Each structure stands twice: as C-alpha cells, then as structure tokens.
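Numbered per our numbering, the sequence shown spans residues 11 to 170.
Everything labelled a hint here was simulated from the structure, so no lab data went into it.
Since this is a predicted model, take the numbers as computed values, not measurements.
A couple of the hints might just be wrong.
What the hints assert, rightly or not - Okay, derived cross-link-like pairs now, EDC-like style, lysine to aspartate or glutamate, Cα gap no bigger than 16 Å in a straight line:
hint : residue 1 : residue 2
1    : K84       : D63
2    : K84       : E35
3    : K62       : D85
4    : K94       : E35
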Amino acid sequence: KQWYQRRLAITAGIIEKDNIESHFELRSFSLVLRRVGPKNLNYTLSISNLCKDIVPDNCTVNVSKTGVTVILAKDKTSVWSTLKAVKEEPNKKDDFPKMDKDADPSSGLMNLMKHMYETGDDEMKQTIAKSMYESQQKQKSGEPGGMPDLGDMGAGLDDL
Numbered sequence: 011k012q013w014y015q016r017r018l019a020i021t022a023g024i025i026e027k028d029n030i031e032s033h034f035e036l037r038s039f040s041l042v043l044r045r046v047g048p049k050n051l052n053y054t055l056s057i058s059n060l061c062k063d064i065v066p067d068n069c070t071v072n073v074s075k076t077g078v079t080v081i082l083a084k085d086k087t088s089v090w091s092t093l094k095a096v097k098e099e100p101n102k103k104d105d106f107p108k109m110d111k112d113a114d115p116s117s118g119l120m121n122l123m124k125h126m127y128e129t130g131d132d133e134m135k136q137t138i139a140k141s142m143y144e145s146q147q148k149q150k151s152g153e154p155g156g157m158p159d160l161g162d163m164g165a166g167l168d169d170l
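Go ahead and model the full structure; you've got the sequences and the hints to work with.
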C-alpha cells in the first residue's frame with residue numbers, strides 16, 4: 011500500500027467491484043476485499059485513529075486493473091504528516107533538581123543522579139545502576155569510593 015495526501019492506493023490484484031465492502035467514519039475506515047486474484051483470497055484493512063477528521067459521505071473506493079484506491083475526503087484542507095494520529099508525548103522539560111546552597115553537596119549529586127535515572131533511556135539507567143553497584147562493592151571491600159579512575163585525563167593539570 012502507498013499513502014499519498016489524497017488517497018491510499020492498495021495493489022491487490024484483479025477484483026470485482028461487487029467484492030468490495032467499505033465503511034467510513036469520522037476518524038477511521040475499513041475495507042474488505044473478497045475473492046481477490048486467481049486464488050480468491052480475502053483481505054481486510056482497518057485503520058482507526060486517522061490523523062484528522064474525514065467526511066465519510068465523500069470518501070470513495072475506486073477499482074483499477076491492479077487493485078483499489080481509497081480516497082479519503084479530508085474535513086479541512088491541510089497536510090497530514092501521517093495517516094494515523096501520532097500519540098504525542100507530554101511536553102516534558104528537563105527540570106533538573108534545584109541546588110540548595112546550604113544543603114550537603116552529595117545530596118545534590120544524588121538528586122541529579124536520581125533525575126538522570128528517572129528521565130534517562132535504558133542505556134542511561136543501566137550505566138547508572140552499574141556505577142552505583144561498583145561503588146557499593148568498593149565500599150564493602152574497604153577500597154576508597156568516589157569517582158572511578160580517570161586514567162590520563164588529569165595529566166598536566168599541575169602545570170596550570
């Protein structure tokens with residue numbers, strides 16, 4: 011199937027007009043094709059939650075040699091970015107935790123880590139969980155905690 015701004019073209023093979031059943035509603039439509047092609051196969055296409063409203067009485071199905079074309083009559087002239095409505099995510103701001111000047115600096119860091127964990131993707135969550143686990147293991151074994159070894163990143167800072 012191909013989606014254009016005015017029509018949905020479905021290549022299905024040879025089909026008789028009497029073997030097509032369509033139903034249009036404000037934000038959805040269904041199409042049933044019976045006895046299609048030499049194998050007499052049946053197809054059903056049902057699309058709900060269209061991007062915008064259509065005018066059901068003005069929608070049509072045209073039959074050609076290669077298939078059918080569904081023409082959806084838009085309620086208003088506009089460009090649809092997709093055929094189906096896209097579920098929009100709530101507009102989340104990256105509200106970082108407020109830093110309190112009088113509070114313990116480590117609690118501010120923990121709040122920041124908590125925020126990153128809650129809003130991060132799976133990879134971020136896995137990285138934070140691994141880091142916290144390794145830090146706890148070091149503390150249990152008596153090794154000094156804190157930041158992991160940064161290698162040569164601090165080299166040459168004494169010259170500043």
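> Under the criterion that the straight-line Cα-Cα distance not exceed 16 Å, is the pair K62, D85 satisfied?
Replying inline: holds, 8 Å
> Within a Cα-Cα threshold of 16 Å, do K84 and E35 meet the stated pairing?
Replying inline: holds, 12 Å
> Given the hint that K94 pairs with E35, does the C-alpha gap stay at or below 16 Å?
Replying inline: The hint holds at about 14 Å.
> Between K84 and D63, is the straight-line Cα distance small enough, at 16 Å or below?
Replying inline: holds, 6 Å
Checked against the numbered hints listed earlier, the structure breaks none of them; every hint is satisfied.
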